[in-house]
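For the protein sequence lines, the chains are X and Z, in the order given.
So the first sequence is numbered by the working numbering: it starts at 6 and just counts up by one.
So the second sequence is numbered by the working numbering: it starts at 11 and just counts up by one.
Since the hints were derived computationally from the structure, they do not count as laboratory data.
All values reported here derive from a predicted model rather than from experimental measurement.
Where a beta carbon is used, it is the ideal one built from N, C-alpha and C, also for glycine.
Honestly, I wouldn't trust all of these hints.
Stretch by stretch, here's where chain Z covers chain X in the computed footprint (C-beta under 8 angstroms, at least three residues) [as the list claims (entries may be wrong)]:
(1) 34-46
(2) 62-73
(3) 100-106
(4) 109-118
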Amino acid sequence: GESVGLHLPTLSVQEGDNSIINCAYSNSASDYFIWYKQESGKGPQFIIDIRSNMDKRQGQRVTVLLNKTVKHLSLQIAATQPGDSAVYFCAENTYNQGGKLIFGQGTELSVKP
Amino acid sequence: ETGVTQTPRHLVMGMTNKKSLKCEQHLGHNAMYWYKQSAKKPLELMFVYNFKEQTENNSVPSRFSPECPNSSHLFLHLHTLQPEDSALYLCASSYGDRGQPQHFGDGTRLSIL
Chain X
6 GESVGLHLPT
16 LSVQEGDNSI
26 INCAYSNSAS
36 DYFIWYKQES
46 GKGPQFIIDI
56 RSNMDKRQGQ
66 RVTVLLNKTV
76 KHLSLQIAAT
86 QPGDSAVYFC
96 AENTYNQGGK
106 LIFGQGTELS
116 VKP
Chain Z
11 ETGVTQTPRH
21 LVMGMTNKKS
31 LKCEQHLGHN
41 AMYWYKQSAK
51 KPLELMFVYN
61 FKEQTENNSV
71 PSRFSPECPN
81 SSHLFLHLHT
91 LQPEDSALYL
101 CASSYGDRGQ
111 PQHFGDGTRL
121 SIL
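Start from the sequences and build out the full structure, keeping to the hints where you can.
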């Protein structure tokens, strides 16, 4: 399943399928990006990050892709599990903003058993 | 378990009450942040402290008063709040430099009667 960031804030996938969550970031000067996962009743949890000198970075079952040309970031989750159900946020950091992050609206991922 | 602890987890208060939210981080970070999270909206940055000094106030009404006695503790003092202030208040910490992730607590769910 695939989402289109701000225009489709919910994504429903079948357990075991791959999920793709998209994010269009705002500032071409941003050079550091993070994906967070927020489960119900909890705060955002760091998943994976990527710097602008990379196009792809892999973690455990997750991959982040960065396309600077079109200012697009995606999070791929392999073999989606019920425990992956949460809201996923992207965040960007711009080189002249210190540690300040700008967050996207978020996409709610729902995994059907 | 996170390295950032927020108390209380839930707070219900009347508009004339005064209360405080507390945040403590055990990650050795230098910067601490307050965010407001309302339903269906991106995280809104409220305040930033770096080495105990306030470096950002994002046009927050004066009924919210932050305090940072040291790099490990952050408070948000509340007085004469409005119903629209009901939200999840999240605290985060980081090393404060660009290109570093922020780590979040689980928030305080605030309800104004």
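Consistency of the hints with the structure:
{"no.": "1", "hint": "34-46", "in the structure": "holds (count 5)"}
{"no.": "2", "hint": "62-73", "in the structure": "violated (count 0)"}
{"no.": "3", "hint": "100-106", "in the structure": "holds (count 6)"}
{"no.": "4", "hint": "109-118", "in the structure": "holds (count 3)"}
Comparing the model with each earlier hint shows a violation of hint 2 alone; every other hint is respected.
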